[in-house]
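A.B. asks: The residues making up each chain are set out below.
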Amino acid sequence: GAVVSQHPSRVICKSGTSVKIECRSLDFQATTMFWYRQFPKKSLMLMATSNEGSKATYEQGVEKDKFLINHASLTLSTLTVTSAHPEDSSFYICSARGRGLNTEAFFGQGTRLTVV
Amino acid sequence: AQSVTQLGSHVSVSEGALVLLRCNYSSSVPPYLFWYVQYPNQGLQLLLKYTTGATLVKGINGFEAEFKKSETSFHLTKPSAHMSDAAEYFCAVSPRIRGSYIPTFGRGTSLIVHP
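Protein chains in written order, with my numbering: chain A, 1 to 116; chain B, 1 to 115.
Derived by calculation from the structure, the hints in this document are not laboratory data.
We treat Cβ as the ideally placed atom computed from N, Cα and C, and that holds for glycine.
Heads up, some of the hints might be wrong.
Chain A residues, not near chain B, derived (Cβ > 10 angstroms throughout) [unchecked claim]:
# : residue
1 : Thr17
2 : Arg24
3 : Gln29
Distance condition first, Cα-Cα at most 25 angstroms in a straight line; then the derived BS3-like pairs of lysine-lysine [said to hold, decoys possible]:
# : chain 1 : residue 1 : chain 2 : residue 2
4 : A       : Lys41     : B       : Lys49
5 : B       : Lys68     : B       : Lys49
6 : A       : Lys42     : A       : Lys20
7 : B       : Lys58     : B       : Lys69
8 : A       : Lys66     : A       : Lys14
9 : B       : Lys49     : A       : Lys42
Could you build the full structure based on these sequences and the hints that come with them?
C.D. replies: Below is the structure:
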């Protein structure tokens, strides 16, 4: 199956700093990428959808200036959490869908962000 | 609008027993249906999906699910639980629109397997 690699798997940052999370499709071209946030014991909350070369579409309630998403190439999307605060601590997961893969997306292994 | 409900945040079974995880959806048109598994601190892995055709879908690791339109359900089953099945399971739906995959996830069911 298609492989999506997410990096880093864990990151600890200080409050007020920014942190970047990368999501790469290793063996297919990801025309669409999705970013999710998962709270403890909760489901996945879709944050935004990005298409290669276009601006991301954010879900209602997600601050686009705080969660910057870039999908500059067909194999890479990044999520930057700007001016992080402890309440941003969470598990962030990306998924990617390729051309022709209309009914499935593949998930990265997730990034555990802890803001101290 | 579509939504998905997973009954029971926790399901506990003994090793070797039947596993049944429930999922009901709400949608004006039957959507695409998925089951995913998540192990601790990992992403999601697709177990199986229903798009069209046979309503009984077989997936990986011995799991299967049956789409029942009349009951708007897509319950996940496995005849005999194994310790390695202990994980979080998510049911998801996506609109039945060609070229579209925007899943909505249920809240998840934690499967606990006792020796």
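A.B. asks: Does each hint fit the structure? Answer for all of them.
C.D. replies: Results for each hint:
For Thr17 of chain A, the condition that its CB be more than 10 angstroms from all CB atoms of chain B holds, with the nearest at approximately 23 angstroms. Every CB of chain B is more than 10 angstroms from the CB of Arg24 of chain A (nearest about 13 angstroms), matching its label as outside the interface. Residue-level check passed: Gln29 of chain A sits 15 angstroms from the nearest beta carbon of chain B, beyond 10 angstroms. Of the pairs offered as hints, the one joining Lys41 of chain A and Lys49 of chain B holds, with about 23 angstroms between alpha carbons and a cut-off of 25 angstroms not exceeded.
For the suggested pair Lys68 of chain B and Lys49 of chain B, the alpha carbons sit about 13 angstroms apart, so the restraint of at most 25 angstroms is met. Proposed proximity of Lys42 of chain A and Lys20 of chain A is supported: the alpha carbons are some 23 angstroms apart, at most 25 angstroms. Restraint check for Lys58 of chain B and Lys69 of chain B: the C-alpha separation of about 17 angstroms stays at or below 25 angstroms, so the hint holds. For a cut-off of 25 angstroms, the pair hint linking Lys66 of chain A to Lys14 of chain A stands: about 15 angstroms separates their Cα positions.
Under the criterion of a C-alpha separation no larger than 25 angstroms, the hint pairing Lys49 of chain B with Lys42 of chain A is consistent with the structure, at around 22 angstroms.
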